[in-house]
Structures are given as C-alpha cells and as structure tokens.
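Put the complex together from the two separate chains, hints included.
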Amino acid sequence: MDTPQTSAEDSAGRAEVVLGIGTDEWVARHNERLIVDSGPLARLKDTASKIPNLVRWLLVLLIAVAVPLGTSNPYIMRVGVNLGLFILLSYGLNIVVGYAGLLDLGYAAFYGFGAYAYALVSSDQLGHHWKTYISVPIIVVATALLGFLVSLPSRRLMGDYLAIVTLFFGQVFVQVVLSSDSITFPWATDSIDITGGSNGIPALDPFVLFGHKFLNAKDYYWLLLAIIVILTLTITRINRTRIGRAWRTIREDSLAAQAMGISINRLKFMAFIVGAALAGLAGTILSAVQGAVFVNGFDLPLLTLVYAAIILGGSGSLPGAVMGAIVMSLLPEFLRVPSYSEILFFVVLILVIGAMRRSIKSFAITLLGIFVTGIIVRGIFLSLSVKSLPRDEWATGVIGRFLSHWLFVPNNRLLWGNASFVLLIALIAYLTQASPTIKRILLPVAAFLGIFLWEVRLIQQPSTTRQLIIGTMLIVLMVTKPQGFLGKARVEVL
Amino acid sequence: MDNGVQSVDYFGQQMVNGITLGGVYALIALGYTLVYGVLQILNFAHGDVYMIGAFIGFFVMVGLGGPSHAVVPVAVMIFIMFAVSMLGSGLLGIVIEKFAYRPLRNSPRIAPLISALGVSLLLQNGALLLFSGSIRSYDTSSFVPITAGIHLGGVTIDGMRILVLVLALILMFGLSRWVNGTQVGRAMRAIAFDRDAAIMMGINVDRVIMWTFFVGSALAGAAGVMVGLVFLRVYSYMGFLAGLKGFTAAVVGGIGSIPGAMLGGVLLGIAESMTSAYLSPNFSDAITFLLLIAVMLIKPRGLLGRRAIVKV
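Protein sequences appear in the order of chains A and B. The first sequence begins at 1 in our numbering and counts up one residue at a time. The second sequence begins at 1 in our numbering and counts up one residue at a time.
Just chain B, with the same shape it has in the complex (with noise of 0.2 Å):
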C-alpha cells in the first residue's frame, strides 16, 4: 500500500469480498428472519442446515466424477449442486420444524430454544460421525480457472464470485416475489402478523410453517454450497459462527423485516472483511459483535425493523 493506486484496488478488492460474504450472510439471515416473523423462536439449528446444505452440496460434486472429473458440463454439475442442497437442506428443515418445534408452540419461550440446541448438537455430531472432522474442499479451481472473471482496474471479480453474487440477488428477488405474489406468501404475512387471527381467516397456520422452513432452509443450502464454490472449505463445525453471523445480520437488519435481513447481511460482511484488512483479523468477530451492540444500542429493532407497538 505504498502508491494510492494500489490502495484504491486494495479497497475494491476488500470490497468486492465484502459483498461476496455478505450475499451469503443475507441469505442465511433470510432464513432465521423469516422463521422469527412467523413463529418469534430463534432456530438456532439453522446454521447447522446451512453446513448439511454445504455437504450435501460437495457429495453431488463427488458423486458426478469430482471437481476434475466431471460426467456433465460444469454449468449443469454446478446446477445439480443447488439444486439438490436446496432441496436436502429444505427437507431437513420440514423435518427440524415437526419434530423439535411443532411440539412446542405453546410452551413457554425457552422451550424451542433448548430444543433448538439440541438439534444443532445432533446435526454437528451427526454429521462429524457420518463425515468425520476433517476439512473437505470443494477445489474450484480445478474447473473454473481462477483468471476467468471481471477485471476493473486492479480489482479482480473471479467468476465463482460472479456466480455467487447473481445467484444471491435472483434467490432474493425469488424470495420477495414469493412472500409478496403467492397465496402462501400472503398467509405466512398474514401469520407473522397476527397468528390467531390468520387461524380464524382459515389459514392453514401448520402447512405454511412448513413452507416456511422449507423455504428458509433451502436458501441456507443455497449458501452452504456458495461458501463451498467460493471459500472452499466444508467442515463440520462451520454452521456454528456462520449461523450466528446470519443471525447477527438479521438482527442488525431489523429481525422479521426481508429487506432487513439482506441489508444486514451485506452490511456485515463488508463490515468483516474491512475490519480483517485494515484492522485486525483475529478481532474481526469482536469488531462485529461491536457494531451489533451499537447498532442495538441506536436502534433497538435493528435498521430496518419496525417498531413494535404491543397491545395488552
């Protein structure tokens, strides 16, 4: 960073990261929004979805010939890949939701929460007993030359990124055209808004549940698999912070609002990367956890939240 140039790029560069980070964070933060404005529990399971959708996504790669290997055109394994960890990670949901929080409706609050642990334990230990606790990797490269991409000026935009960020911003607008156009859509807001009432309008409050977490869970796949294209590394442990990531940007967002939600992620991942460039990368999580409290402290509901008015 001797000459302004370089330091322009530098910036472009820790940027264009950012971004990369923070689609992902958004769509994992998607999930836990959409769950908190329908039920008010937090699903801390729900970045151990996002690691199942991860695996899930690295065993189709393996399953069609491997990273170098491939029985199919590369555009089509990619595909599968999402398509078969959305489908996995948003079954995986449906099953979570029957049977740690439907049981638990109407217990009292700490309840689905206890519960929740409980299944993160059973997924992480599942998991690490199924795929043991080394590190796999996804090894990108070998497909996708690491030249391929964008250049502008210095900054650098390899094409797994391209492909990360596009396919975030099409779930998204999938997602915003899903809860505003459909029927179900309309129920899962008009549940979030008043569950007894909905229940009174004959919704079917357990049916759109489920497709709420089959809904939530599938775009946490999604972002399992986009870690795995762009960050490579699949682990058993990693849903753990990265769920709490998601879950940190929902909240900065506004928890319950869908544009808050992705606010906060890209928020946040732009947050980390500039804190683990240009400050201090062992502290970037408490740099985070900083910018949660202060965000907390000026607005209580998050940027985007609404302000909640309880009636008595």
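Isolated chain A, as found in the complex (with noise of 0.2 Å):
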C-alpha cells in the first residue's frame, strides 16, 4: 500500500521508505529492525521481498491466461470461475472492510440479492427474459441502492453495530429468499412463489454479451478474467486518489479524519455501496454460470471464508486480497477429496513439527516418539481385546493404506474418535501452557492423536473437517498474525 507522500532518503543509501498516514521514519524502518534471520530461507525471502509488483501481478496473469489455453477439463474451469468469484467478492469486501474499515457482515446477502435478481429476470419463474446487457446494470444498480438502505440505519453508529445490523441483514436475507416461495398479497387470491424458497430457481438463461451466448465455464471465466484485470487497476488507481487516502484515513483514526474535514459518512457509504455492487455483479455471474440458484451457498460459510480471504492476505492489500481468495477457494476444492486432504494433512502435521523442532535430531527423535506411541497404544487396544476395524473399511488414501501396519483402528470408531477429538483439544490446549520439558515428551502423543482422529474420524466427514479446519486456521492466524501475511502491522508511536 504506498502512498504518494514524500520518501525519506536514508544517508546509509538503504532504500526508499515510503511513509504511510500517521508513521515517521522510526516507524516506517520498525520491520526492518525486526529482521535478525538469516540463512538460505531468509535470503530467498528476502530476494523474493525485492521482486516488484508489477511482474507479480504479470506472473498470476501470466498463469490465469495459460490455463484456460491448456486445459478444457469442465471441472477446473469450474473451480477457475469460483475463484474468480471468489476474487471479485473479496475485491468488494476488501474496500469495505480493507479500505474504510467497516464491518459489513451482511456481505453474502447482497452476492445473494444479486444472484436471485439476476434470476427472477432470466428465468421462467416470473417469466421475464431479459437481455444480459441491461439486467446486469440495473442488478448491480439495484443492489448498490439495497446496499445505501442497509447502510442507513448504522451512519451514526460505530462499527460493532454496522456488525450486527448487516448480520441481521444477511440472515433475514435467507429467511426472506426461504419463505417466499408462497406470499399471499392482500389483493390477490392465490399465493406467489416468487423464490421457489429451498428448491431455489432453476433453468436460468446464460450471458449473452456482444452476440456471443456462453456455452461453458471457460466463457464466464474469460469475463471474469476481463473483469478482474481492469478491476485490479481502477482499484489500484482509486487507492490513489483522495477517495482512497480518505477511506484509509478513516480506518485508521475517523475522528482526525473529520478534523481533517473528510466528509467521514459520504465515504463510508461510498464504501459500502461500492463493496455491494461488486457482490451483486458476483451474485449474476454466479446464477448465470451455475444455471440455478439457491440459497444456501449465500450464509455464514461463504462469508467466512471471504473474511478468512481478505484477513489471511492482509486486509487492506489488493495482492493479498488474491492471494487469499486464491488460498480459500481452492483450499475448500482440495478438501474435498479425501485422498487429497489427507497428504495435505501430513505435509502439514510434519511442517507444525519441524517448526516446533528445529533440528533435525529432535525432529527425528519425535517421529519416532509418534512411533513407539502407536505401538503401545496398538498394544493397549490388544491386551483389552478391542476388536479392530478392517483396514479396507478405513484405509482409503495411500498413506492410509501404508499406515495401516502400524495404527490400530477400533471397531467402534464413532465413540474412540470421539474420545481422542476431546482428549486432542485437551492436550493441546494444556500444551500451550506447559513448560519445554513437558512439550517435548507430551508432542509425539499428541500428534499420534491427531493422525489416529483423522485416519478414524475426520477423514470420513470432509464437509465438517473443513469447517474445523478454516476455524482453527482463523483463530491461529488471528493469534499469530492479526495484520496477515501481506498486511502490515501497525507500529504505534505514543
């Protein structure tokens, strides 16, 4: 995030600081001061830190562009569109949140509002087809007025309440969509199924832009593609403009902001409208490229994963905002399948391992801790005679199967995965407090337990495993990094 402010020049010829709102030079070099690694790893990043902008954001378009040219399989063009999506509604919250700092929690409801419009005016369900040129304005218009409702009420208000009143907003929004597939209007007789309520709209009419009718996902993701790019650098150029250094100022102190003479609550709606309309453009894209719409992909889950998109890149910054995006949509994707997400589970496990144990003999005199812990635990299962499940009811990926001479799976996996899911989150929270000696003896049995939880339990519930995946990874990375990983953390000066 650079700033158009005057840089000071360091008489050691070091490089450029760029100042941002409310920091000296003192606070500008904080990280530098920081930076006490070295090594290869630390060398790389620091060369990977010099690499500029622009031949990033080429080298994602780069890749963006050579996917699509290499490959027609439906389903990664599939998942391309959803990333793109994925990267409009985390551009949208990016300036609500990033930028102007307002809680919008209600985020999912105007993605949803534009997707059911887009709906009701492509479809047979009220029997309007119109033409994708002038609904898709008049959507996006529409839904950056619903946004200017929204917002209404919480113009006095402080952020915590904007939280709650967009919460409200987005879980009436599903209530509304549920329960409207049988109004009775006073004036007429029969009931309107206007929604289609769970059953949601089908049969939906694709884009039609310029004569040419999308046929498949590659077309809506080289719109989408079109979108992002020239996105990207109007964005880029509104950070620049007063607009953009008044947002910024807000967040960071909205009382001097007023001082200052910003008009604090124009902007914050501009804000907030901005961010709604990109989520209805989202929302057409999204019925017209899935050819049906309901409304359970717009709740709580969607919107924490944009959050978790946007904090995770660092809020406020449009790279990280992609990264993100890139991170939480397709994490989801890989998930999915079991096989997957289980060596995604190990690489992990033994990457939080090596970090915890630096060198390589501790490491390794863990790993085998986690050994002989199986062994006494198989031994344990033996000697009370528990029955053991077959290893083809649970072995389903390679590492299971390679597993398997070694962990004992009990029968009655329900109630043993159950017990070591508590007993897990048990230790890891008496962990946390323990002292070194205690960690050192007590991390093999607890990373047994996290591979005997998921052999057992988690591999079988993908949907749920997610879900307490992205929970903990929120929470960890709230602890860990609050400012996320291309945000920077803010160094106050008192």
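Among the clues, some could well be false.
Stated by the list, open to error - Computed footprint of chain B on chain A, listed as stretches where at least three residues anywhere in the stretch have a Cβ under 8 Å from a Cβ of chain B:
1. 162-168
2. 297-309
3. 375-386
4. 457-464
5. 468-474
Quick caveat, the hints were computed from the structure, so don't treat them as lab data. Predicted model only: the values in this text are computed from it and were never measured. From the three backbone atoms N, C-alpha and C, an ideal C-beta is built for every residue, glycine too.
Laid out in structure tokens, this is it:
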C-alpha cells in the first residue's frame, strides 16, 4: 500500500521508505530492525520481497491466461470460475473492510441478492427474459441501492453496531428468500411463488454479450478475468486518489479524519455501496454460470470464507486479497477429495513438528516418539481385546494404507474417534501452557492423537473437517499474525 | 378467535410464551453485555457456548438414567443438569477467552471478531462431529406432566415455564448482586469504566475478565438447558440464531447495560411471539430485524444505554 507522500532517503543509502499515514521514518523502518533471520531461507525471502509488484501481477496474469489455453477440463474451469467470483467478492469486501474499516457481516446477502435478481429476470419463474446487457447493469445498481438502504441506519453508529445490523440483514435475507415461495398479497387470492423457497430457481438463461452466447464455464472464466483485470487497475488507481486516501484515513482514525474536513459519512456510504455493487455483479455471474440459484450458498459459511480470504492476505492489500482468495477457494476444493486432504494433513503435520523441533535430531526423536506411541496404543487396545476394524474399511488414501500396518483402528470408531477429539483438544490446550520439557514429551502423543483422529473420524466427514480446519486457521492466524500475510503490522508511537 | 374470551386467552398464552422466550434471550444477552462492557468485543461464539450448554444438560440427563428412568428425583436431576451445564459452559468460556481473545487484547478491533467467528465454527462443527447432526429431544413431558402448572382462565403456564421464569429471575437477581455487591463485580465495573485507570488501581484485569467470561458463559449454559426443557429440541446449529437474538436483545436494551439486556431480552421474546402468532411465522425474524433498526434509529445507544461521551 503505497502512498504518494514524499519518501525519506537514508544516509546509509538503504532503499527508500514510503511513509504511510501517521508514520514517521522510525515507524516505517520498524520492520527492518526486526529482521534477525539469516540463512538460505531468509535470503530467499529477502530476494522474493525485492520482486516488483508489477512483475508479480503479470506472473499471476500469465498463469491465469495459460490455464484455460492449456486445458478444457470442465471441472478445472468451474474451479477457475469459482476462484474468479471469490476474487471479485474479496475485492469488494476489501474496499468495505480493508479500506474503509467497516464491518459488513451481511456481505453474502448482497451476493445472494444479485444472484436472485438475475434469476428472477432471466427465467420462467416470473416469465421475464431480459437481455444480459440490460439486466446486469440494472441489478448492479439495484444492489448498490440496497447497500445504501442497509447502511442508512448505521450512519451514526459505531463499527460494532454496523456489524450487528448487517449480520441480521444477512440472516433476514436468507429467511425471506426461504419463505417467499408462497406469499399471499392482500389483494390477490392465490399465493405467489417468487423465490422457489428451498428448491431455488432452475433453468436460467446464460449470458449473451456482443452476440456471443456463453455456453460453458470457460466463457465465464474469460469474462471474469477481464473484469478482474479492469477492477485491479481501477482499484489501484482509486487507492491513490483523494477518495482512496480518505478511506484509509477513516480506517486509521476517523476522528482525526473528520477534523481534517473529510466527510466521513459520505465516504463510508461510498465504500459500502461499491462493495455491495461488486457483490451483486459477482452474484449475477454466479447464477448465470450455475444455471440455477439456491439460497444455501449465501449464508455464514461463505461470509466466513471471504473474510478469511481478505484477513489471510492482509486486509487493505489488493495482492493480499488475491492471494487470500486463491487459498480460500482452492483449499475447500482440495479438501473435498479425501486422498488429497490426507496428504495435505500429513504435510502440515510434518511442517508443524518441524517448526517446533528445529534440529534434525529432535525432529527424528519426535517422529520415533509418534511411532512408539502408536505401538503402545496398539498394545493397549490388543490387551483390552478391542476388536479392530478391517483395513479395507478405513484405509482409503495411500498414506492410510501405508499406516494401516502400524495404526490400530478400533471397531467402534465413532466412540474412540470422539474420545480422541476431546482428548486432543484438551492436550493442545495444556501443551500451550506447559513447560518445554513436558512439551517435548507430550508432542508425539498429541501428534499421534491427531493422526488417529484424522484416520478414524475426520477423513469420513470432509465437510465438517473443512469447517473445523477453517475455524482453527482463523484463530491461529489471528493470534499469530493479526495483520495477515501481506498486511503491515501497525507500529504506534505514543 | 371467534369470540372475545378466546382471543384474550390466546393473547395471554402468547404473552406467557413470549416472556419465557424473553427470559432465555435475556440470559444470553447478559453474557454479551458483560463481555462487551468489559472488553468492547463482540463474542460471536457466545451462541455456541449456549448450544454446548444445552448439550451438556442433555447428556447429564441421559447419564442420570434418561427422562423416564431417572435414578434420582426429578427435582435433583434438573438441579444437577443446570449446575453441571453452567459449570461446563463457564469453563468453556474461560478457555475461549484464554486462547482466542486474550492474545488479541491490543489488536485492531476486527481481529477478535474474526477469531470469534473461528471459535464459533470450531464449536459448531466440533459438536457436529461429536454429537452428529441429528436433533435430540429433552422429552420433558415424560417426567413432568404437561397438565401440571397454573391455570388462569384459559391461559396455562406449565410447570417447565414456571421453573424457567423463576430460575431466570433468580439468576438475574444473583447477577446484579454479584456485579454490585462483590469485589470482583466492582472491579469489573471499574474495568468497564476505564481499563487503564483500573490497571493503575491494582486491579488484576486478567482475573476479572476471566470471571466475566465464566459468569457470562454460565448464564448462556443455563439458557441452553432452559431452552431444552421448554422447547425440547437440541442440535448443533441452534447456537447461531439464538446468539444473534441474544445480541439483538443486548443492543436493543443498550449494550453494556445489565438491566438493558434483561429488558431487551423480554421485549424481543414478546415481540417474536406476537409477530409469529398474529402476523406471519415465516417473517418473524424479519420483523425482529425491523424492530432492531427502528430502536437503533430512534435511540442509537439502546433503550437503557448511556450516551457515550468519547473523550479524545
């Protein structure tokens, strides 16, 4: 996030420091002073950080263009479209939360509003079939208007109140859509089905733009890519204008912003409305590419994912939003396939152990400890004559089959899996407080419990596991790096 | 509703339902308001603590022999259910505060909010994993006959509703005694008023915040058992909407204000009961939302909230 303010040249001839709002040189150089790492990894990190942003953007763009040219696999294209929608949503929310600092927890409802509005004017539900170049702009404007209406009662209110009003709005949207399948108006005798309730609205028209009918996901992919490129350029530009600077000033200190003569209400409205409009646009594309629209995609899980995306990347950072969107939209896709998620789980497990046990010797000891724990647990189970589950019934993945010689899976996997879940949580909670010696002893046990829980229970319930992983990730990320990966930590001088 | 007497009875019955529901909302709202008053964070995981409380109550009941073959007298069983559930939820609250909120004391305001969403996801899906997605029933009618209770004309207040109302009143009274009468309560009010000054006065802020979370979460646990006893159904997604309603109640009453949370809860319960009885059951949440917006437009600090004067 660079600002057009003057930069200070250091006498030692180090790189120029771009000063943000409310920072002086000491603050701006804070991160440099913190760097104490050395070694190949740190050098690599250092080199990577010197690549200019433009090169990175072009690299991402190159990959984004290369993929559809290389493959026509409909699944991959669909994942690509989802990623594009996700980036669009992250951009919008990034403006609302990252730039203006407004907590909009009803953001998913704007997405849903766009999707349903498109469905209503492009299907037999109400008998309207509007042309794409008419319907989409109208819907985007309508969503913006809705955003304006929702933000009206919050104009005098603090951030938390806005959060609750929007959260409730999101909930009400879902409720209204669900129960609008049989509305009886006082002047009519028959009830009217507007939204199709939980059945949704099927058979929507695809986009038709410039005489070209969008037939498959690839067409939408190109459209989304074009939109995202244009938006990236636009938002980067806006970021450097008066409005962009004013937004960030409001986020940092709205009182000071007001004192400087910035009309904060107008700018807050603006951010909120732009965010809503982008979500509405994403919604129209979603329902066109799906060819149908259902309410369950616009609930809290989606909102959490989008928030996770912009927080992960660092709120307020555009590259961060893209990075977060890539992670948060590909990760669930990845976790959907049990054998992939299994590999991911073990890679993460090894990395975590590696991070906690830096030297090769203690790392090997920990691995050995896990192995021994497994043998001991196996012995306990056998001596208690607990029946084991045949290997073919649980070892689905490659690693699972490999581990089946070592891991004992009891017949009553529900009970033992639940017990290990509770025990694991208690153990982790205890480990964070324990002394280093106890940590060293109990880490293999915790790791074993994790493996056991994964193979016995989690691998069977991918959707619950996914949510658990995302939840854990959010907490761990917030506790360790509240500013996200590409966001800058704020250093305050009092 | 063809004659006057019946409609008066109907109204009375809805009023009773509304007040019962309101008592539950008020208990949830109190947890929100206590935490907000002290830390100024929205504890979105609060609704899920309430869900866990309801499950703890359910499993204590099953552990004591189930609703129909209880090994102890019914009154003792209900007492144990409440006690264990409140203790369990209270401890859960302490754990949540320690791991998800304490490291974020001095972070930007959005950080604890996101962390709370994470806790909420964890609790919901942890419950889904442990207890499966099925809806469980407290099956109260098998140990307390449905006809027991007070009859006022055509209005019936059954035994469970009386119990819930009385218990809610006792808990609220106990809470206000705790906040106003004990040293921890006084420290809590001091922190809510000015945390930095409280630290300088030698108040152990961490300990007081821990107590606040314990008490708030224990109230949510009690609310969970109450909902189980009166409305029977317990499931892993019950926390979200209830938490939202509880928060609305806290906001309507004026967040940070304890009498406000009680008033807001009862008002919300009555409003919800009346809208679903007279207007439209499907849109009762939408109407609640409109009510919230109306209150916030007229009194942005809630009904009993103090006007915030921010000194710079």
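*With a Cβ-Cβ cutoff of 8 Å, does the region 297-309 of chain A contain at least three residues near chain B?*
holds (count 4)
*How about the region 375-386 of chain A: do at least three of its residues have a C-beta closer than 8 Å to a C-beta of chain B?*
Our answer is that it is violated, as 0 residues pass the Cβ test (under 8 Å) against chain B, missing three.
*asked:* So is the region 162-168 of chain A in contact with chain B by the C-beta rule, three or more residues under 8 Å, or is the coverage claim wrong?
replied: holds (count 5)
_Taking 8 Å as the Cβ threshold, is the statement that the region 468-474 of chain A is covered by chain B upheld or broken by the three-residue rule?_
Holds, because 6 residues of the region 468-474 of chain A bring their Cβ atoms closer than 8 Å to Cβ atoms of chain B.
*How about the region 457-464 of chain A: do at least three of its residues have a C-beta closer than 8 Å to a C-beta of chain B?*
holds (count 4)
In this structure, the one hint that does not hold is number 3.
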